[in-house]
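**Q** Starting from the known structure of chain P, fit chains C and V onto it as the hints suggest.
In case you want the letters, here they are:
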Amino acid sequence: MTAFRGALAIAAKDLRVELASRAALNSAVTFAVLVLVIFNFARDPGQVSLQVLAPSVLWVTSAFAGVVALNRSFVMEQERGAMDGLLLAPISRSAIYFGKYLANLAFVLTVNLVLLPLFILFFNVTLSTGLAWVALLLVLAAAGYVAIGTVLAAMTVRTRFADLMLPVLLLAFLVPPVLVGVQATTRLLGGRPVGEIVGWIRFLAVYDVVFITLGWLLFPATMDE
Amino acid sequence: MTPSQHDTLIRRGLWLTAVALVGLGGVFVQALLRTPVERWQGPAQKILYVHAPAATMSLMAFALVGVASMGYLFLRDSRLDAFAEASAEVGLAFGAVMLTTGPLWARPVWGTWWQWEPRLTLTLLLVLLFVGYRTMRTAIEDPEDRARFSAVIGIMALVLVPFVHLSVYLFRTIHPQPVVFKPSAPSLPWEMLRTFIGSMVAFLALYVGFVTTRYGLGRRSGAAPS
Amino acid sequence: MPAPTTVPPLLGLDQVSRRFGTRTVVDQVSLSIRPGELHLVVGPNGSGKSTIARLGVGLLRPHRGSARVVGADPRSAFEARRLIGYVGHESQLYSDLSAVENLRFAARLHGLSRVDETVSAVLDRLEVGPERETPVRRLSRGYVQRVALCRSLIHRPTLLVWDEPLTGLDQSSLERVVGLLESVLADEVGVMLVSHDLGDLWRLSGQVHVVDRGTLRFSTTTTAPLAEFRSRYAEATR
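Protein chains in written order, with the numbering used here: chain P, 770 to 994; chain C, 5 to 230; chain V, 1473 to 1710.
Isolated chain P (complex conformation) (with noise of 0.2 Å):
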């Protein structure tokens, strides 16, 4: 019970530093705006019809502002040593970890939330049933990447060239959110069935499970200095 406050505690306080600065939601929100515009450009409107494109343009720019938000996420623990409080609390490890999991999880919901609409609007997209399971399959593999890339900024943060570091570390554990995101909203779009992407779907499921876990067994190790 200590544990599950704390950790809410955390998210609470990370969402409401966000709300006096901004910085994160900012910067991720804008860097997702500009991204689909640039993609409307980079195409060949004779070649590359918006709708083969718009499936790959909607999932890099997902996992690309992801990482611009979760970039922020350790920058307020560093700054004045606010870790240290953290680390002091009466509270585990685990309960830092999911705190700020949580915080940046809403993070990347909220620019993909701002960024959905968006998507809609500027490729296009016919609405249907077939967007909500979009919609689920972003918030799927953000409950998954995220987990992960709270771990590694908790680390790259006391790193030289912070900033970039992170990308670099997480590009590879994008790839196969990103990969079956693709697949199966190519197919959702394209007005296919629900049942044929339920694999993908189990495929996220299982990603998350096993790298929330992981998150939880090895970000102890992050802070045991």
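Treat the hints with care, since some could be wrong.
Stated by the list, open to error - To give an idea of the interface, some chain C residues facing chain P are shown, with a C-beta separation under 10 Å as derived from the structure:
(1) ASP146
(2) ALA155
(3) LEU170
(4) SER171
No wet-lab data here; the hints were simulated from the structure. On a predicted model such as this, the values are computed, not experimentally measured, just so you know. Built from N, CA and C at the ideal position, the CB exists for glycine as well.
**A** Chains C and V alone, transformed into the frame defined by chain P:
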């Protein structure tokens, strides 16, 4: 360990490397002169005598980084970290061999340099991830922080492998299936198999030689000045 | 009633050593702080005194020896961490939040009830006025230091470990902090202060430990004349 023991270790590693390189030279001669030309792939097939063992050793090296990393987090023994560091670097070296010989073979046989199929994608991602692992190591001053952080990444990489493999497998693969390591008897002519086994042994010796040398160097630079 | 010697001290350092890389920063330091005792740890820059403080509260893992808070390892025992009020070189505050928001968060982390009352009481204690609603990034150094001290007091710790607590404080805040130390010591709180200079703290009665190059050079008490201590200190840390 004393500094002189490190030097002994480095010397042994270098000797083993030299022996392995001579053996590898023998394998090259064997492959070029004494194996038949494969009917469909032509002479390009001979690249595989280098490519397949390099790929195997690279993946083994990365897997051993993961195993050593788990060991490090439990035992906090700096020797395990030094081994992980050595194995990661040697894995990258073999990975570079794999990624250069692969396209050289693929161009004439597949008609394309690169193909986004499971094995290629997985190995490329692993190589990239371990480039990140190495970069991370150079970006941390404190040896214990470095060891812990690296161990975390090493373990995560190990867990990632099945996911990448499975997700990319959703596409159909055109990569040749393993012909030596498979449940039934190897389906290779004896001359080819002999060369393959010789090459595998030479590469394994090269791995051990490289890792021993690199481990010794790492221990020597990390040891307390007495 | 057990004999007093069997009661574990509030803070017990037993032969602790710590390396960073190949450099030994703290070498076999032992120290024990009991309720109501003040211990001043002094030494030149880079002598390892801050590392001793971090080892004591469990923020660093000792390579040899042990650090115990009432007999428990603060790195694993929640209850031991609950007893510690620590201020390091950095304020542990979030720049974008105000003093009140920062302290509310600290109070919630410690699972305190009546958060708002507790926060305003502790801010009153160090006279943080209307600035308490201003984001910390806009506060001056002395204010930040006072808020940082408040943060360490919020859960009524029984062991205070403060590293350079007087940094940036003006004369009146300084008096206030020294007065606060006197009152917590009277309440049987154990205090460890790390400082490179002692002028303002000498009037408190307590023990003084001089650290240089990672080891305890000598210990004395503040009953000795300050000038005499200074010459001994200069001798020991040469």
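**Q** Now tell me if each hint is right for this structure.
**A** Right, here's what the structure says about each hint:
Proximity of ASP146 of chain C to chain P holds as hinted, the smallest CB-CB distance being about 8 Å (cut-off 10 Å). With a least beta-carbon distance of about 7 Å to chain P, the hint placing ALA155 of chain C at the interface is held under the 10 Å criterion. For LEU170 of chain C, the interface hint holds, since its Cβ comes within 10 Å of a Cβ in chain P; the closest pair sits about 7 Å apart. The interface hint given for SER171 of chain C holds, since its Cβ lies 4 Å from the closest Cβ of chain P, which is under the 10 Å cut-off.
The structure is consistent with each of the numbered hints, conforming to all of them.
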